[in-house]
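In case you want the letters, here they are:
2 protein chains.
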Amino acid sequence: MFKNILIIGFGMIGSSIARTVIKKNKSIKIFAFDKSPSLKIRINKSKLKRVKVFKSLNEIKDQNIDFIIICTPMLQYQSIFKKLNDIDLRQTIVTDVGSTKVNIEKIYIQKKYQFNFIPSHPIAGIEKAGLENGFDGLFTNRYNIICPLKKSSKTHINKVIKFWRSLNMKTEIMSSKEHDKVLSLTSHLPHLISYSLVLTAMKKDTSLNSKLVKFSAGGFRDFTRVAGSDPEMWRDIFLANSSQIQKLTNNFISELKEFSRNLNKGNSYNLLTKLKKTKNVRDKIIKARQAGKFIPND
Amino acid sequence: MFKNILIIGFGMIGSSIARTVIKKNKSIKIFAFDKSPSLKIRINKSKLKRVKVFKSLNEIKDQNIDFIIICTPMLQYQSIFKKLNDIDLRQTIVTDVGSTKVNIEKIYIQKKYQFNFIPSHPIAGIEKAGLENGFDGLFTNRYNIICPLKKSSKTHINKVIKFWRSLNMKTEIMSSKEHDKVLSLTSHLPHLISYSLVLTAMKKDTSLNSKLVKFSAGGFRDFTRVAGSDPEMWRDIFLANSSQIQKLTNNFISELKEFSRNLNKGNSYNLLTKLKKTKNVRDKIIKARQAGKFIPND
Chain V
0 MFKNILIIGF GMIGSSIART VIKKNKSIKI FAFDKSPSLK IRINKSKLKR
50 VKVFKSLNEI KDQNIDFIII CTPMLQYQSI FKKLNDIDLR QTIVTDVGST
100 KVNIEKIYIQ KKYQFNFIPS HPIAGIEKAG LENGFDGLFT NRYNIICPLK
150 KSSKTHINKV IKFWRSLNMK TEIMSSKEHD KVLSLTSHLP HLISYSLVLT
200 AMKKDTSLNS KLVKFSAGGF RDFTRVAGSD PEMWRDIFLA NSSQIQKLTN
250 NFISELKEFS RNLNKGNSYN LLTKLKKTKN VRDKIIKARQ AGKFIPND
Chain D
0 MFKNILIIGF GMIGSSIART VIKKNKSIKI FAFDKSPSLK IRINKSKLKR
50 VKVFKSLNEI KDQNIDFIII CTPMLQYQSI FKKLNDIDLR QTIVTDVGST
100 KVNIEKIYIQ KKYQFNFIPS HPIAGIEKAG LENGFDGLFT NRYNIICPLK
150 KSSKTHINKV IKFWRSLNMK TEIMSSKEHD KVLSLTSHLP HLISYSLVLT
200 AMKKDTSLNS KLVKFSAGGF RDFTRVAGSD PEMWRDIFLA NSSQIQKLTN
250 NFISELKEFS RNLNKGNSYN LLTKLKKTKN VRDKIIKARQ AGKFIPND
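Here the protein sequences line up with chains V and D, keeping their order.
Numbering follows numbering that gives the first Met the number 0, with no gaps: position 196 of the first sequence is 195.
Numbering follows numbering that gives the first Met the number 0, with no gaps: position 105 of the second sequence is 104.
There's no promise every hint is true.
Same chains, same label: a pair holds when it works inside one copy or across any pair of copies.
Here are the computed lysine to aspartate or glutamate pairs in the DMTMM-like style, where the Cα-Cα straight-line distance is at most 25 Å [as the list claims (entries may be wrong)]:
#: 1; residue 1: K292; residue 2: D229
#: 2; residue 1: K39; residue 2: D135
#: 3; residue 1: K23; residue 2: D87
#: 4; residue 1: K286; residue 2: E126
#: 5; residue 1: K283; residue 2: E231
#: 6; residue 1: K275; residue 2: E231
#: 7; residue 1: K213; residue 2: E126
#: 8; residue 1: K278; residue 2: D85
#: 9; residue 1: K25; residue 2: D65
#: 10; residue 1: K292; residue 2: E58
#: 11; residue 1: K276; residue 2: E231
#: 12; residue 1: K246; residue 2: D229
#: 13; residue 1: K176; residue 2: D135
#: 14; residue 1: K292; residue 2: E126
#: 15; residue 1: K213; residue 2: D135
#: 16; residue 1: K292; residue 2: D87
#: 17; residue 1: K203; residue 2: E257
#: 18; residue 1: K203; residue 2: E177
#: 19; residue 1: K264; residue 2: E231
#: 20; residue 1: K44; residue 2: E126
#: 21; residue 1: K44; residue 2: E257
#: 22; residue 1: K149; residue 2: E177
If you're looking for bench data, these hints aren't it; they were derived computationally from the structure.
Looking at chain V on its own, in the form it has when it is part of the complex (with noise of 0.2 Å):
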């Protein structure tokens, strides 16, 4: 197993990986390295001591680093990748937990990078960000899809495999093109849908406001939960997709005709077997140990 890790960017992701390996591990050392000026007063505020803090990547060679997880937004990729490569990395696995990969494996290849990189993909997360929210258990029975390069070794793979595994994840091998569209389908267009519904909402009638975060019970609350993923790096997921998720949004807007046309003809048997056709899906899915849990009442 990996001795040194090495955290770039040390936000809720970032943390909550911090967290489990310390829980699992009490052998293993981590470092991170961050962009935030307070970044070691929030750790130790955050009772994760052990977490000691990089002041430049130069360090990596000092200290053994032989895994590197980036936990940046996608738009840092390029300058954060230049800078591994001028250090020499043959001993280190780098890895990333970014939520699109097409666009990540292209900027690796063309620029012709050499350190060991295999892209992964945790697909866990909260709607909080920064390192105060994470926590140990986020991983935990949700799914990691591996995305190799053609170049990528078995060992450095079975090695990165291992790791997730060992925060209790289950993993998942795909090229990087199957990666992007199944999240467009999971991920990213309903992203984009609860983000298009609050603010319909919202362009509404002002006076509704108030109301509307009155009686957000109704159904309206779970859209703003995901409506309020951290913006910036939705913007960059939205636009590294941007085809994908396109293409999906017609196919959805078009199911929302026909609705909408079996509603304007009162078509009832039309509807009832549409609704009944979805509950299966939900059913499977709380089968899976996917669902989460939701307490009505906080």
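Got chain V sorted already, so can you dock chain D onto it with the hints?
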């Protein structure tokens, strides 16, 4: 306060009312009337032995029922209203929990029914149906919209308000028309969208289906929760508030198209501005304690 309460339609909502009343006030008697042939067995199994089962609505007079709460699907209201109207209910107040109000008011007025009817709508629910899924506390801190009719007496309205408040609900008075407008935004459109997204996803390459389930934690699962709601109930709601919902669906489609245009043009600034706007609404809902609580891992 009421002494003898009859709940017509003893499902998730009905049983949650019973459970909460039982916990709050040991002296109130609760009766249930429902189509389910095994109602008595199910009630006893659910530790609700204090609830007595009516064989017919004719028992209303014998038991001095002073408060009736209709908790059935809305399509059953017509026949229930008809039966209630044949009974002398001068000493009884009738309310309901239906999710649309204009249609119900219309039925009552057109048929010139005489019983004391004060429609209400508790904005609380979970996606699971059936009396076994009800629980004490479902209504805590949630809002209840009461839509009195023109002829409703103040004394009766106040009694209904007092009842819902005794279940720890907050109450608001609204016209039926306003209710349906507000709810189309906070509940009906969100449900229509959830159903449509799940249908869109199901239409995609069926080989995706297991992936859809596995990777649903990226956002999709939140929609399946809402889309797992009772199909018959939601067909009735959609049809009852059809024109409001169609109007809103059009607004929502425009918003989606604008989003898609911004993606197509790669307009990063516009995208970010949009995404930032929505965060505010979530914060307000949390402050108003209407957010519920989501635990990402079950």
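Next on the checklist: My question is about K44 and E126: at a cut-off of 25 Å on alpha-carbon distance, are they close within one copy, between copies, both, or neither?
Outcome noted: within (21 Å within a copy, 39 Å between copies)
Next on the checklist: Within, between, both or neither: how does the pair K176, D135 come out at a Cα-Cα threshold of 25 Å?
Outcome noted: neither (31 Å within a copy, 48 Å between copies)
Checklist entry - Is it within, between, both or neither when you check K278 against D85 at 25 Å Cα-Cα? => result neither (52 Å within a copy, 39 Å between copies)
Next on the checklist: Treating 25 Å as the Cα threshold, decide for K275 and E231: within, between, both or neither.
Outcome noted: Between copies only: 8 Å across chains, 37 Å inside a chain, cut-off 25 Å.
Checklist entry - Given identical chains, is K44 near E257, meaning Cα to Cα at most 25 Å, within a copy, between copies, both, or neither? => result The answer is neither: 53 Å in one copy and 43 Å across copies each exceed 25 Å.
Checklist entry - Checking K149 and E177: alpha-carbon separation at most 25 Å within a copy, between copies, both or neither? => result within (15 Å within a copy, 60 Å between copies)
Checklist entry - How would you label the pair K292, D229 (within, between, both, or neither) given a Cα cut-off of 25 Å? => result both (22 Å within a copy, 19 Å between copies)
Checklist entry - Quick one: K264 to E231, C-alpha cut-off 25 Å, is that within a copy, between copies, both, or neither? => result Close across copies (18 Å), not inside one copy (42 Å); limit 25 Å.
Checklist entry - Is the C-alpha distance from K203 to E257 at most 25 Å within one copy, between copies, in both cases, or in neither? => result both (24 Å within a copy, 16 Å between copies)
Checklist entry - Can you tell me if K213 and D135 fall within 25 Å by alpha carbon in one copy, between copies, both or neither? => result between (33 Å within a copy, 21 Å between copies)
Next on the checklist: Within, between, both or neither: how does the pair K39, D135 come out at a Cα-Cα threshold of 25 Å?
Outcome noted: within (19 Å within a copy, 45 Å between copies)
Checklist entry - Is it within, between, both or neither when you check K246 against D229 at 25 Å Cα-Cα? => result For K246 and D229, only the intra-copy Cα distance (24 Å) is at most 25 Å; the inter-copy one is 30 Å.
Going down the numbered hints, you'll see the structure goes against 3, 8, 10, 13, 16, 21, while the others check out.
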